[in-house]
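Chains as they are written, first to last, in full-length UniProt numbering: chain E, 1 to 319; chain U, 1 to 121.
Since the hints were derived computationally from the structure, they do not count as laboratory data. Even for Gly, the Cβ is constructed at its ideal location relative to N, Cα and C. Be careful, since some hints might not be right.
Among the chain U residues that face chain E by a calculated CB cut under 7 angstroms, a handful are [to be verified]:
1. H25
2. F27
3. L28
4. G34
5. V35
6. G36
7. G113
8. Y115
Short derived list, chain U residues pointing at chain E, Cβ under 10 angstroms [what the hints assert, rightly or not]:
9. N29
10. T51
11. T111
Given next are the chains, with one letter for each unit.
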Amino acid sequence: MIRHFTCASAAAALLLAANPLYAHTIVGNRVFPATLTIDDPGVNDELALPAFSYLQAANPDGTPGTTSYSLAWEYAKTITPDFGISIGSDGYTWQRNPQAEGWSNIETEAKFAFYQDPGHEFIMSAAVSAEIGNTGSPQSASLPSDPFSTITPKFFIGKGFGDASADWARPFAVTGEVDYSIPTVTINSDGSYNPTMLTYGASLQYSLLYENSFVHQLPDVFNRLIPAFEGIFSTPVANQGPVIPGEFSPYETTGVVGPSLYYIGQYFEIGVMAQVPINRASGDHVGALAVLDIFLDDVAPTSLGKPLFGAPLSPLARY
Amino acid sequence: MKHASLLIAATGLASFLVSTQAFAHAFLNHAEPGVGTIVNASPPELQLTFTEDIVAAFSGASAVTAGGAPVPTGKAVVGPANTLHLRLAHALKPGTYVVSWHVVSVDTHHTQGTYKFTIAP
Ligand SMILES: [Cu+2]
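Could you put the whole structure together from the sequences, leaning on the hints where they help?
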């Protein structure tokens, strides 16, 4: 792929569509699902396989651009109850118009949940991830992986409102993530730029799971669902490169927002989302995201699914 | 890379298949009288059904009136299907009651919570 600015914008949009990591988190009585646009705020033993993404890009003149389908994956492992590592990738991507396909780079991440308050369903964590250059498809492929690495410090927050005095408010929760992605190579051999990106997203969740357990009993078909509204945005903050007439601005913020729905089963979660591009640089029309997330802590609680060191997380052991 | 993901997939699927029991956090799935509901008459006992296997020795429940007065009950007993049974010493008068529960699932995870139900006058 030629690293042209149009391509870079399309790639940014695609990155948004396919980039998130996945996991579910429990703090006190709150289950934060593995959300589709941003990562959830905890550390876990989980396997996201696959995470499907579909999005159509737009060209600056308004004509439809590249259509992309991708299948991503991630494996997350707890080392201690508060510290975990993960490995994953945006996986395999098929593009149409023009036709191209290839594997994305491998990404690794170390994450630390440094503050948890079970009573207030509150959690904060921080992570550093490294996307390792040239670990995907070779540069000779029709859709090669980035030939450079990217280092990203991340910050996460989650708050459930189970401590609210009004019953109607108690099923609500919010989560957020802020990333600062620093490419290790700023100017490519063809003279194009790899900007430093600020990526930020949030979710507003209404947990029917919570409502059923603590506020008002619901019929079985609803009581494992968590509807949400979420979004993720990316703003280039440094090394944007020159403005070129007729192309998307290298300073433009891209993003998607949309409604999502999660089903929390015993061993797995299924999530789906309609992703609506916020502007033309972000995409042409509504795309889709979906994930199957396997809870290894529930599937294999005494082996693969528990922290290597320390007891399993017991969020309410203090009561 | 293809191989790495296939290996991980195989490991995940294998462990999914070998494990037969669900161990996780137990949440209240269903109660009798229901969470947040209004019923017409006092039940003989309170029933709380959880989403996971629970350990009887570390699991229990109690109830108080809206004013905080304790409701006399027997000891909570774990029956089949992860249901806690809490026998009431005598029929409840009309009013709102608050049930508090705490359970430990088989993987040692604690969860606890409260809910209300009302007996109509
Ligand atoms: Cu658990």
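Cross-check of the supplied hints:
1. Hint status for H25 (chain U) relative to chain E: holds, with the closest Cβ pair at about 5 angstroms, below 7 angstroms.
2. With 7 angstroms as the threshold, the beta carbon of F27 (chain U) comes within range of chain E, its nearest partner Cβ sitting at about 5 angstroms, so the hint holds.
3. Nearest Cβ of chain E to the Cβ of L28 (chain U): about 4 angstroms, under the 7 angstroms cut. The hint holds.
4. With 7 angstroms as the threshold, the beta carbon of G34 (chain U) comes within range of chain E, its nearest partner Cβ sitting at about 4 angstroms, so the hint holds.
5. Taken as an interface hint, V35 (chain U) checks out: its beta carbon lies about 4 angstroms from the nearest beta carbon of chain E, inside 7 angstroms.
6. The interface hint given for G36 (chain U) is met, as the beta carbon of that residue sits about 3 angstroms from the closest beta carbon of chain E, less than 7 angstroms.
7. Annotation: interface hint on G113 (chain U) holds; nearest CB of chain E at approximately 5 angstroms, less than 7 angstroms.
8. Hint on Y115 (chain U) holds. Least Cβ distance to chain E is approximately 6 angstroms, under the 7 angstroms limit.
9. Restraint check, N29 (chain U) versus chain E: the minimum CB separation of about 7 angstroms is within 10 angstroms; hint holds.
10. The criterion of a C-beta within 10 angstroms of any C-beta in chain E is met by T51 (chain U), whose closest approach is roughly 7 angstroms, and the hint holds.
11. For the restraint placing T111 (chain U) at the interface with chain E, the shortest Cβ-Cβ distance is roughly 6 angstroms, inside the 10 angstroms limit, so the hint holds.
Of the hints listed earlier, there is not a single one the structure fails to meet.
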